[in-house]
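Visitor: Chain by chain, the residues:
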Amino acid sequence: MDKASHLSLILDISPSQWHLSASPSNAFPLSFKTFLSHVLTFLNSHIAAMHENSLAVFGALPGKSVMLYSSTDTAEGADVVAADPNAYRPFKLVDSLVMRNIQRELELLGDPEEEAPIALVGALTKALCYINRITHIPTGAATEDPAVLIDPRILILSVSPDLSSSYIPVMNSIFSAQKYKITIDVCKVFGADTVFLQQAAHLTGGSYIYLERRDALLQYLIMSFLPPPAMRQVIAVPKQDKVDFRAACFCHKDIVDIAFVCSVCLSIFCSPVPVCSTCRTKFPIKTLQRLNASRPSLPPSANGTPRPGARQNTPLATSLR
Amino acid sequence: MDPGSDSDLSLDEGNLTVRGRNKAARAKGIDPTKDKGKGKAKDQGYAWEANYTRSWDTVQEDEGGSLQGAVEELMARGRRRRLLAPAAAIRRTIIRHLILLLDLSASMMDRDMRPTRFDLTLEYAREFVTEWFDQNPLGQVGVVAMRGGIGERIGEMSGNPQDVLKALSERHKLEPTGEPSLQNAIDMARSSMSHLPTHSSREILIIFGSLTTVDPGNIFDTLQSCIKDKIRISLVALAAEMKICRELCDKTGGQFGVAMNEGHFKDLLFELIPPPAQRAVARTTGGGTTNPAADLMMMGFPMRLPDTSPPSLCVCHAEMRTAGFLCPRCMAKICDVPTDCDVCGLMIVSSPHLARSYHHLFPVKPYIAVMTLDNAPKPTSICHACSLPFKVQPAASVTDGMSPLGRYRCPTCSNDFCTDCDVFVHDVVHCCPGCEK
Ligand SMILES: [Zn+2]
Ligand SMILES: [Zn+2]
Ligand SMILES: [Zn+2]
Ligand SMILES: [Zn+2]
Ligand SMILES: [Zn+2]
Ligand SMILES: [Zn+2]
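Residue numbers (UniProt numbering), protein chains in the order written: chain A, 1 to 321; chain B, 1 to 437.
Since the hints were derived computationally from the structure, they do not count as laboratory data.
It is possible that some hints are incorrect.
Subject to a maximum C-alpha distance of 25 angstroms in a straight line, what follows is the list of computed BS3-like cross-link-like pairs (lysine-lysine) [unchecked claim]: (1) B/Lys251 <-> B/Lys230; (2) B/Lys437 <-> A/Lys253; (3) A/Lys253 <-> A/Lys181; (4) A/Lys64 <-> B/Lys365; (5) B/Lys166 <-> A/Lys181; (6) B/Lys391 <-> B/Lys378; (7) B/Lys333 <-> B/Lys365; (8) A/Lys3 <-> A/Lys239; (9) A/Lys64 <-> B/Lys437; (10) B/Lys391 <-> B/Lys365; (11) A/Lys239 <-> A/Lys282; (12) B/Lys437 <-> A/Lys179; (13) A/Lys239 <-> B/Lys333; (14) B/Lys166 <-> A/Lys3; (15) A/Lys179 <-> B/Lys266; (16) A/Lys253 <-> B/Lys365; (17) A/Lys188 <-> A/Lys33; (18) B/Lys166 <-> A/Lys239; (19) A/Lys181 <-> A/Lys242; (20) B/Lys230 <-> A/Lys181; (21) B/Lys173 <-> B/Lys266; (22) B/Lys228 <-> B/Lys251.
Stretch-level coverage of chain A by chain B, calculated; a stretch enters the list once three of its residues show a Cβ under 8 angstroms from a Cβ in chain B [to be verified]: (23) 117-124; (24) 176-189.
All residues carry an ideal CB built from backbone N, CA and C; glycine is no exception.
Given the sequences, and given the hints that come with them, work out the whole structure.
Guide: Here is the structure:
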């Protein structure tokens, strides 16, 4: 517990998804503004929990990812923020810089006809590079005591559906996080479950939580995502209930549950193919005939749709045990 | 024919020259037949004859006593190697399962390999596991120890290198004691591989430092059942060759070797890393793209049930369990993946197992070292990935292939990255933060 922890927060800022989320036809509408006020409170509690805690905030916008705030690079923005005798300065700094930068990015976005896909991969890889930068002991500096090295984690607040074309980069990011012992937590604020982020949380030992009551976002954030990974062995934080291990095929980028795999390079195809498009291996005719005969009669489920009977609702109270 | 002449003269001319050369070699005291195989190991000398050297001894300080130059040289070498590497590196992979059987008997405390056989084995085993998982992404490794006359399960079969490395890093739990028992340990390893699917390989790798084994029964029965289960046993001996050890390897199609010194020990271990398919292909080079091992496999990606789900019967053990995986085709409940579904026969793997190797298929293009900012209209002041500010003043002297400004530009998205991010993106993340692929 004495270790400081680093939190990299990734905000999914998709204007169209947030518009849907705020629509009053939902059971629990949540607007982007309310969402941000919850998130800022959460960030303040992370900073308040320990003086050495560090923080970085990334935004995944349509077709672009940006760093919104980082506790190591505040110098350039610090003078812009007016001193306020009624506010704790670090809180004030985070709040105003994050808000200002989001405002700026949204204005830059303009009003395009069609929304580009969310640059979640960019934000995720930037978060990884940033963690690599701050955990990397600079050459020439005094040998750092391993006890003071931070305990890094990434929290993704997602509202967009899976982007199946980014299957391979997302998986690569997950494996590098796994290698560097970076925990990835995912909170699905709005929309259907995302298969890839479920796997991300599962593989890195983080928790994936689907937000049932969107109006209680802050409650979820504080209860589940505020304790650093080292603490979670002591207090039982809610974990995801199910993990969907489906993959995306290389040919159509569809998410499939039964697929055909090249034994040489392990490329995934949704139907039997005579030649592997990745490594150009030719497959035996006999195999093709056998596989075509034994193919499942059901067509592969469509892009990003949940599996039949997928979600089993676990109320927060029971999953907290 | 003159009976007094050299017997060589009675042979034909071709043979004569060969014999003649042989004689010359023998005159110098070298046996050419033996020289071939062991030359490399002999050069390094036996472990007890060699000096104690470690990698950090080879790093040289510069005049100022700083290591900066040496570190930069290492990084530059890594960059150059990346630029030279083929654009599309494809590896032959099959699904492997390996049990690492470590001798943890008292004989492992011998100091003929430095610091001790035990410490060196743990160190090499960790390196072995890391490298093994990189080359066999679909593989799984378990760890069994032999000490005190029994086999002891140290790490369960796992596809996650971290789990295996964790099991191998808890040194205090692995303290060597007592006598080893090959039979008990092999039986334990065999039982933990019984559930595995038929298409996968089953292998046992034994690192053995003793010259004795304490077995409760006939070890040849164990050998027979290993042959029956198609388990391949390979053994690296640290002490000397034992008849039973060689027989275990020969009968099951594995490899046997006796380590002469630290370097040879590591070579013997690392020879076992490349998947067997790779070796089979290498032997028949020139066969074109038609590779007999290549095939299209039908696989299912399961759904994992949570630990809190209501208990139900699994199809593999017929026991009440809470956690498990659901076969996507028949919805049968299975305890572990990868496996073949017991009901419909579909091969079930979790997709991360496959995805671990994809960075070999789609590598990130090497970044170009930026030499000058003169022809760039508006250079960014911070690294695109980690937001680290770039140096303003170019460094006076740089190693070949390094940027004096510490900037490396992606040829696809034209964003600039710092030195650390260049290395991190290419060696670890395998995904450019600018292009998102
Ligand atoms: Zn497809
Ligand atoms: Zn292929
Ligand atoms: Zn079972
Ligand atoms: Zn089945
Ligand atoms: Zn950087
Ligand atoms: Zn790029």
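Visitor: Taking the hints in turn, state whether each one holds.
Guide: Okay, the hints, checked on the actual structure:
1. B/Lys251 <-> B/Lys230: holds, 10 angstroms
2. B/Lys437 <-> A/Lys253: holds, 14 angstroms
3. A/Lys253 <-> A/Lys181: violated, 29 angstroms
4. A/Lys64 <-> B/Lys365: With Cα atoms ~20 angstroms apart, lysine 64 of chain A and lysine 365 of chain B stay inside 25 angstroms; holds.
5. B/Lys166 <-> A/Lys181: Satisfied, since the Cα-Cα distance of roughly 12 angstroms is no more than 25 angstroms.
6. B/Lys391 <-> B/Lys378: holds, 15 angstroms
7. B/Lys333 <-> B/Lys365: Since the Cα atoms of lysine 333 of chain B and lysine 365 of chain B sit roughly 43 angstroms apart, the hinted pair is violated (cutoff 25 angstroms).
8. A/Lys3 <-> A/Lys239: Judged against 25 angstroms, a Cα distance of about 23 angstroms means the pair holds.
9. A/Lys64 <-> B/Lys437: holds, 13 angstroms
10. B/Lys391 <-> B/Lys365: Status holds; Cα separation ~24 angstroms.
11. A/Lys239 <-> A/Lys282: violated, 43 angstroms
12. B/Lys437 <-> A/Lys179: holds, 19 angstroms
13. A/Lys239 <-> B/Lys333: holds, 21 angstroms
14. B/Lys166 <-> A/Lys3: Given pair lysine 166 of chain B, lysine 3 of chain A holds - Cα atoms ~21 angstroms apart, limit 25 angstroms.
15. A/Lys179 <-> B/Lys266: holds, 23 angstroms
16. A/Lys253 <-> B/Lys365: Holds: lysine 253 of chain A and lysine 365 of chain B sit about 22 angstroms apart, inside 25 angstroms.
17. A/Lys188 <-> A/Lys33: holds, 17 angstroms
18. B/Lys166 <-> A/Lys239: Measuring from Cα to Cα gives roughly 23 angstroms; hence the hint holds.
19. A/Lys181 <-> A/Lys242: holds, 22 angstroms
20. B/Lys230 <-> A/Lys181: Answer violated: lysine 230 of chain B to lysine 181 of chain A is near 36 angstroms, above 25 angstroms.
21. B/Lys173 <-> B/Lys266: Holds, at roughly 23 angstroms.
22. B/Lys228 <-> B/Lys251: holds, 11 angstroms
23. 117-124: Result for this restraint: holds, n = 3.
24. 176-189: holds (count 5)
In the structure shown, a violation is registered for the earlier hints numbered 3, 7, 11, 20, in ascending order.
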